[in-house]
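Engineer: Under this note's numbering, think of the first position of the sequence shown as 1, with each following residue one higher.
Check the hints yourself; a few may be wrong.
DEER-style ranges, computed between Cβ atoms [as the list claims (entries may be wrong)]:
(1) Gly463 <-> Arg119: 34 to 42 angstroms
(2) Gly264 <-> Thr114: 14 to 22 angstroms
(3) Ala11 <-> Arg66: 26 to 34 angstroms
(4) Glu472 <-> Pro498: 31 to 39 angstroms
(5) His439 <-> Asp286: 35 to 43 angstroms
(6) Leu560 <-> Gly384: 47 to 55 angstroms
(7) Pro324 <-> Ser554: 26 to 34 angstroms
(8) Ala11 <-> Asp289: 37 to 45 angstroms
(9) Phe110 <-> Thr216: 40 to 48 angstroms
(10) Glu557 <-> Gln279: 34 to 42 angstroms
(11) Arg567 <-> Gly384: 17 to 25 angstroms
(12) Pro498 <-> Arg539: 17 to 25 angstroms
(13) Glu62 <-> Arg287: 57 to 65 angstroms
(14) Arg567 <-> Arg539: 20 to 28 angstroms
16 angstroms max Cα-Cα, derived EDC-like pairs, lysine to aspartate or glutamate [stated by the list, open to error]:
(15) Lys191 <-> Asp425
(16) Lys191 <-> Asp150
(17) Lys559 <-> Glu546
(18) Lys191 <-> Glu418
(19) Lys178 <-> Asp161
(20) Lys191 <-> Glu414
(21) Lys559 <-> Asp503
(22) Lys191 <-> Asp161
(23) Lys191 <-> Glu260
(24) Lys559 <-> Asp521
(25) Lys559 <-> Glu515
Hints in this document: simulated from the structure, not taken from any laboratory. Even glycine gets a Cβ: it sits at the ideal position worked out from N, Cα and C.
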Amino acid sequence: MRLRALLDTDALGLELLGGEDELDRTVRGVMTTDLRDPSRYLSGGELVLTGLAWRRDAADSEPFVRLLVQAQVAALAAGEAELGNVPEDLVAACARHRLPLFAVHESVAFATITEHVVRQVSGERAGDLAAVVDRHRRMMTSGPAGGGPDVVLDLLGSDLDLRAWVLSPTGRQVAGPKDAEPAPTAGVRAKLAAEHLAATRTGRRAPHRVPVGSTTYSLFPVRGRGQPPATPPGARAPQGAGAGRDVRETVLSDWLLVVEADAGDWAEERLDLLYGVTQLIAVERDRRDAARTVRRRLAQEVLELVQTGAAPAEIAARLRVAAPVLLPGLGAAPHWQVVVARVEWEDGDEQTGRVAQTLLEEMLVDPHATGPEQSDRIAVAHTGEEAVALVPLPAVSSEHDGSEAGVLAETLLESVREPLSAGLDGDGRVTLGVSAAVHSAEGLRGALEEARHARRVAAARPGRVCAAGHQELASHVLLLPFVPDDVRRAFTARLLDPLRDYDRRHRAELIPTLEAFLDSDGSWTRCANRLHLHVNTLRYRVGRIEQLTGRDLSRLEDKLDFFLALRMS
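Start from the sequences, fold in the hints, and give me the full structure.
Structural biologist: Given below as structure tokens:
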């Protein structure tokens, strides 16, 4: 704002004592001081307010004014409350140095002037920044020349004095300003992500204000382009074009903008600007998601080959294509691990494979890494209900077998358990299983089964977010490949042939029902929803299975026998 605008505001009670020719100077801020030398706290462009407590005699005015001029302040405003009027020696010193001087009536508080200046300057800066953000948005929409979200976060810092960061739903820092100030710690970021997920799940209006110690943060959701507002669980979704989505479709994948400020009393213009910033960041979010298309397709192709029993040579050929994409410049063929993830809601009516895919892509990134580089080395496919990740590991030397390398189940959860537990609280779970490293295509099918079984072990544990690794698997899984073929055939025929015969004669689908029941960990509700059956129909089918086989599916031993029979068949 201009000095002239201050003089024209009657409520401020300012009287011009000198510097009429300098009233077009720009005011960039305000500072109140009674220090004899306040220069170390000045950056230029300030309106300096003083009560004159620094002045002991007339000789003090000249050096005080000289210091202000050297600091390039915009003007000086002196209060009349201390001395009754502004001393002539101060008026003369300001005139010599062409520094505009105002007198502040004793009835006007310095806080009134400060509030007015800050409000006006912030509004003008917001308008300037909005124009910059709009230009940046156009650049990023047309190509990567805009520089990514770090640039706009730097603009927030330099133009509005707002420190801000972009976080993933697990609290990993995606982008931040390039200043020397430390970013929030990992613990603080996890807490902020947890608060964001919990607020989003309950449908609370953003921005979400979160106090952490003496600092208040404001959280703004970053939604994809063209993405309508989400509908909280249990709420009625709007109808027609652009209808709201169930919040569970994106709550575990949306980024958030964290601002180190309390937005509770912000003007609408500033809030609109921050929402504009989130839209700009969403462009980058969508771009990175699109960049994963090739890796997702490679993983999907490998998964389909493995599940359909393709020849190892065909699978190996696809892996040779994937390796340079995921680990460029590696040279030697890597080892591979398989990680399986499932997101489940209590009502069981969601196809959550895509949600699990996005979440698993995030969880497999080093939590201490920033930017997209690490996520560019992850390939995750999905089915209707689960996500499957192919994790490449650099080939280890012959002195090691690689058993200690790669992804560990508990390590995978260390940095994400708190935010995800908050985001899933009420009706959701995330379970993961991790295989051992395999050295060739021949071992990939076994690794997939191993990871899936480890996930079932995790699903049997309490808690919203659970994982299990290959080290925790029961010994029978490791022994299955060594069961003689005649024993395998006899065992599976005794348990499964009565069900197969019944299915052929009555088209009853008892075998698929048995598989779904075991895969749902014996949950009647989840299994019925998965098969699109009424629970009573499911109970009838399970009862028929028990009648035909003489087994009891409420007993762990019989469940285990059926599980083994299905795996060996």
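Engineer: Each hint: holds or not?
Structural biologist: Right, here's what the structure says about each hint:
Range check, Gly463 to Arg119: Cβ separation about 49 angstroms, and the 34 to 42 angstroms hint is violated. For the hinted restraint 14 to 22 angstroms between Gly264 and Thr114, the CB-CB distance of approximately 20 angstroms keeps it satisfied. For Ala11 paired with Arg66, a C-beta distance near 32 angstroms keeps the hint of 26 to 34 angstroms intact. Roughly 33 angstroms separates the CB atoms of Glu472 and Pro498, a value that falls within the hinted 31 to 39 angstroms.
A C-beta distance of roughly 37 angstroms is found between His439 and Asp286, which places it inside the suggested range of 35 to 43 angstroms. With their beta carbons about 26 angstroms apart, Leu560 and Gly384 fall outside the hinted range of 47 to 55 angstroms. Remark: the range hint 26 to 34 angstroms for Pro324 to Ser554 is contradicted by a beta-carbon distance near 51 angstroms. Our hint of 37 to 45 angstroms for Ala11 and Asp289 is violated, since their Cβ atoms are close to 51 angstroms apart.
A C-beta distance of roughly 25 angstroms is found between Phe110 and Thr216, which places it outside the suggested range of 40 to 48 angstroms. Checking the proposed 34 to 42 angstroms range against Glu557 and Gln279 shows it is violated: the Cβ atoms sit about 57 angstroms from each other. Evaluation of the 17 to 25 angstroms hint for Arg567 and Gly384 yields a pass: the beta carbon distance comes to about 21 angstroms. Taking the beta carbon of each, Pro498 and Arg539 are about 19 angstroms apart, inside 17 to 25 angstroms as hinted.
A beta carbon spacing of about 59 angstroms between Glu62 and Arg287 agrees with the range 57 to 65 angstroms that was offered as a hint. Range check, Arg567 to Arg539: about 25 angstroms between beta-carbon atoms, so the 20 to 28 angstroms window is met. Taking the CA atoms of Lys191 and Asp425, the gap is about 14 angstroms. The hint holds against a cut of 16 angstroms. For the proposed pair Lys191 and Asp150, the alpha carbon gap of about 22 angstroms is over 16 angstroms, so the pair is violated.
Taking the CA atoms of Lys559 and Glu546, the gap is about 11 angstroms. The hint holds against a cut of 16 angstroms. In summary, the hint linking Lys191 to Glu418 is supported, as the alpha carbons are separated by about 7 angstroms, within the 16 angstroms threshold. For the proposed pair Lys178 and Asp161, the alpha carbon gap of about 13 angstroms is at most 16 angstroms, so the pair holds. Restraint check for Lys191 and Glu414: satisfied, since their Cα atoms lie roughly 13 angstroms apart, inside the 16 angstroms limit.
Proximity of Lys559 to Asp503 is assessed by CA-CA distance (about 20 angstroms); at most 16 angstroms being required, the pair is judged violated. Using a Cα cut-off of 16 angstroms, the hinted pair Lys191 and Asp161 is violated, with the two alpha carbons roughly 24 angstroms apart. This hinted pair checks out: Lys191 and Glu260 have alpha carbons roughly 14 angstroms apart, not beyond 16 angstroms. Our distance criterion of 16 angstroms between C-alpha atoms is met by Lys559 and Asp521, whose separation comes to about 10 angstroms.
For the suggested pair Lys559 and Glu515, the alpha carbons sit about 10 angstroms apart, so the restraint of at most 16 angstroms is met.
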